[in-house]
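Undergrad: With the hints as your guide, set chain E onto chain R.
2 protein chains.
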Amino acid sequence: MSGLGWVRGELSKLEGFLKIKPLYFDVDTGEFVWLDTRLIPFEEVYRRTRDYRRVAEAIKTMEIRGAPAIGVSAAFAMALAALNSKSGSIEGLMEELLEAKNVLASTRPTAYNLFWALERVMARAREESRRGYDRVVNGVLDEALRMYLEDIKTNVEIGRAGSRLVEDNMRILTHCNTGALATAGFGTALGVVRYAWYEGKKVTVITTETRPVLQGARLNVWELRKEGIPFKLIVDNAAALVLARGMADMVLVGADRIIFTGHTANKIGTLQIAIASKHYNKPFYVVAPTSTIQPTWNPQEIVIEERSSEEVTRVMGRMEITLQDIEVYNPSFDITPPQLITAIVTEKGIVEKPFEENIPKTLK
Amino acid sequence: MSGLGWVRGELSKLEGFLKIKPLYFDVDTGEFVWLDTRLIPFEEVYRRTRDYRRVAEAIKTMEIRGAPAIGVSAAFAMALAALNSKSGSIEGLMEELLEAKNVLASTRPTAYNLFWALERVMARAREESRRGYDRVVNGVLDEALRMYLEDIKTNVEIGRAGSRLVEDNMRILTHCNTGALATAGFGTALGVVRYAWYEGKKVTVITTETRPVLQGARLNVWELRKEGIPFKLIVDNAAALVLARGMADMVLVGADRIIFTGHTANKIGTLQIAIASKHYNKPFYVVAPTSTIQPTWNPQEIVIEERSSEEVTRVMGRMEITLQDIEVYNPSFDITPPQLITAIVTEKGIVEKPFEENIPKTLK
Numbered sequence: 001m002s003g004l005g006w007v008r009g010e011l012s013k014l015e016g017f018l019k020i021k022p023l024y025f026d027v028d029t030g031e032f033v034w035l036d037t038r039l040i041p042f043e044e045v046y047r048r049t050r051d052y053r054r055v056a057e058a059i060k061t062m063e064i065r066g067a068p069a070i071g072v073s074a075a076f077a078m079a080l081a082a083l084n085s086k087s088g089s090i091e092g093l094m095e096e097l098l099e100a101k102n103v104l105a106s107t108r109p110t111a112y113n114l115f116w117a118l119e120r121v122m123a124r125a126r127e128e129s130r131r132g133y134d135r136v137v138n139g140v141l142d143e144a145l146r147m148y149l150e151d152i153k154t155n156v157e158i159g160r161a162g163s164r165l166v167e168d169n170m171r172i173l174t175h176c177n178t179g180a181l182a183t184a185g186f187g188t189a190l191g192v193v194r195y196a197w198y199e200g201k202k203v204t205v206i207t208t209e210t211r212p213v214l215q216g217a218r219l220n221v222w223e224l225r226k227e228g229i230p231f232k233l234i235v236d237n238a239a240a241l242v243l244a245r246g247m248a249d250m251v252l253v254g255a256d257r258i259i260f261t262g263h264t265a266n267k268i269g270t271l272q273i274a275i276a277s278k279h280y281n282k283p284f285y286v287v288a289p290t291s292t293i294q295p296t297w298n299p300q301e302i303v304i305e306e307r308s309s310e311e312v313t314r315v316m317g318r319m320e321i322t323l324q325d326i327e328v329y330n331p332s333f334d335i336t337p338p339q340l341i342t343a344i345v346t347e348k349g350i351v352e353k354p355f356e357e358n359i360p361k362t363l364k
Numbered sequence: 001m002s003g004l005g006w007v008r009g010e011l012s013k014l015e016g017f018l019k020i021k022p023l024y025f026d027v028d029t030g031e032f033v034w035l036d037t038r039l040i041p042f043e044e045v046y047r048r049t050r051d052y053r054r055v056a057e058a059i060k061t062m063e064i065r066g067a068p069a070i071g072v073s074a075a076f077a078m079a080l081a082a083l084n085s086k087s088g089s090i091e092g093l094m095e096e097l098l099e100a101k102n103v104l105a106s107t108r109p110t111a112y113n114l115f116w117a118l119e120r121v122m123a124r125a126r127e128e129s130r131r132g133y134d135r136v137v138n139g140v141l142d143e144a145l146r147m148y149l150e151d152i153k154t155n156v157e158i159g160r161a162g163s164r165l166v167e168d169n170m171r172i173l174t175h176c177n178t179g180a181l182a183t184a185g186f187g188t189a190l191g192v193v194r195y196a197w198y199e200g201k202k203v204t205v206i207t208t209e210t211r212p213v214l215q216g217a218r219l220n221v222w223e224l225r226k227e228g229i230p231f232k233l234i235v236d237n238a239a240a241l242v243l244a245r246g247m248a249d250m251v252l253v254g255a256d257r258i259i260f261t262g263h264t265a266n267k268i269g270t271l272q273i274a275i276a277s278k279h280y281n282k283p284f285y286v287v288a289p290t291s292t293i294q295p296t297w298n299p300q301e302i303v304i305e306e307r308s309s310e311e312v313t314r315v316m317g318r319m320e321i322t323l324q325d326i327e328v329y330n331p332s333f334d335i336t337p338p339q340l341i342t343a344i345v346t347e348k349g350i351v352e353k354p355f356e357e358n359i360p361k362t363l364k
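Chains as they are written, first to last, in our numbering: chain R, 1 to 364; chain E, 1 to 364.
Extracted from the complex, chain R is given alone in its bound form (with noise of 0.2 Å):
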């Protein structure tokens, strides 16, 4: 693992939007390190691990969640996948790095990061193949550090893109974990609210809980806690009363998958919060990385994943609500059309309506 010290001179020089560190690559040991955001925030663990299948088990379980973090952790997975290979061969090699992939790309089917990050690292392990054995190994590694880089800048920028709407005093609604646990570092919808409170604006949070999972809960409480940023904890069913009652000036939420036409994937929940806000009036932004684009015009494209019952009737894996034999509809995603979004803010920008025209500018 030589010749990564500008790894860590990049991460040096982001030390300031690095308060939390949610997952890296350590560069001493070869293994892939997370923060289990299960047990979050009752428990701070960081697990580690060589095993490629390790992660996708941790994606699928959500020991790591949030679009742009299992992207990033899918990337290194890939790395791992590389750097243990038994194979000998490069034919071999791109064979394991293949089933990595699928393996990778089965655990969450709504996240667009995921199958942006797989795609990339494969580009680029084709890419190195002409090149030699070592050079894929090194080179989907290399990707996998760029990208892990990348996120946490990419994430600064939109932090600084979405503070402009944000002004002193304001009080933002936010619907799940976008912060830090939710990225490679900084966060995306929350990595806004960091930025403004970064330059001194008084703003405050109210952040739903987020069942089934409580990132709300959970997540954003220890988030802003370690922050210092006022916030006040509701339950998913406060959200309309919220806004009816004028408590919050404005509504920033992450994406799980965006696409050409503005059609936003994101948690379950997001749909009804954006229909309260166009009824109230109340700004609606998505905070997301370019990464969670899709490029395709078609909503009908986007999969919306549905988990296990027992996400909904035992809370946490552990307390029973409810039988446990019962019918559960659980969707983790719903999506909100274009025409409930006010704007949605990227690291290029906040891109403005008509969507169709502007999106698809953002991948150029």
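Treat the hints as calculated values from the structure; they're not laboratory data.
Watch out, some of these pointers could steer you wrong.
Note that the list lumps identical chains together, so a pair holds whenever it fits in one copy or between two copies.
[Stated by the list, open to error] Simulated pairs of lysine-lysine, DSBU-like, Cα-Cα distance not exceeding 30 Å: (1) K60 x K282; (2) K353 x K278; (3) K19 x K60; (4) K278 x K19; (5) K353 x K282; (6) K364 x K201; (7) K282 x K202.
TA: Structure of chain E alone, referenced to chain R:
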């Protein structure tokens, strides 16, 4: 407790509608008896008392909940106060009743049925007070028993009226528990479902879990399972997606307070379902007895209860889902404006718009 045979006679006529008996007055022992809804669906524990303060506590802690159930229980609590009074004089008795009324009135501020029931019992007591001590005691008990039987009959009438809106194979989205467990028996919104089911209509219920107290996940699941009515449980966040995907044909909810304008206070989360129903053009019905109607034109008179932060941060009073020392905004109800309500189903029939004309008529 002699001379109360008529109650048994009346009850036997309603037997077919009382598969679940959530509360009653035990005329043999002089005790008020209720099912502790906090333990449902895991345990079916009936609690008993002769102490009206214990009933007040049960309402406060939500062992008993649901506006009609609260109203009837408060009436029985007044009967307990009268029956167990040691005052000896009519003046002393009336003072004790006033004290009991104040204690009971301070349990939950939003459910209008509570105040309606207390007023009605006090009016009867005042009326009887000209006729002697025993007449007051017996009168208060008689009034409570009448209100108990009336509530069940009223719910069956509501069911009959509402069932006309329900077609075979309809899928009904509901929020919070409005079944037997929210009333003296049978239920309001869930009573409509029950009535339609008894008529042989193949309905399916989609119930939210209804955070923070989980009346949907716990109580609706238990009641629907008991009836054999097919259902699906969703998190509150999934309501809009269910409507967007055309998975529900109508929405039925209860009410804790309805005023002459049609503004309806109901369980937190009702408002955002109503907004989403309007957005997707799905009928949204409020189902409640006329005892829920407060004769006022001023929405400002609706008091919204805010409950403890612990109700949110500690699921079912036991499991901590996040840090305990954080700021929580925990309103128990929200107010749905008349524009979002298709019609209101009462025991007097379906109240159509204009509400400001037709709601007052129901009280005549």
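Undergrad: Confirm or reject each hint.
TA: Results for each hint:
1. For the homomeric pair K60 and K282, neither the shortest alpha-carbon distance inside one copy (35 Å) nor that between copies (35 Å) is at most 30 Å.
2. Proximity of K353 to K278 under the C-alpha cut-off of 30 Å is found in both arrangements, the shortest distances being 16 Å within a copy and 25 Å between copies.
3. Proximity of K19 to K60 under the C-alpha cut-off of 30 Å is restricted to the intra-copy arrangement: shortest distance 26 Å within a copy versus 43 Å between copies.
4. In this assembly of identical chains, K278 and K19 lie within 30 Å of each other by CA distance neither inside one copy nor across copies; the values are 35 Å within and 43 Å between.
5. Within a single copy, K353 and K282 get their C-alpha atoms as close as 16 Å, and across copies as close as 29 Å, so both meet the 30 Å cut-off.
6. Neither within a single protomer nor between protomers do K364 and K201 lie at most 30 Å apart by alpha-carbon distance, with minima of 33 Å and 56 Å respectively.
7. Taking the closest pair of Cα atoms, K282 and K202 come within 30 Å of each other only inside a single copy of the chain (19 Å); across copies the shortest separation is 41 Å, beyond that limit.
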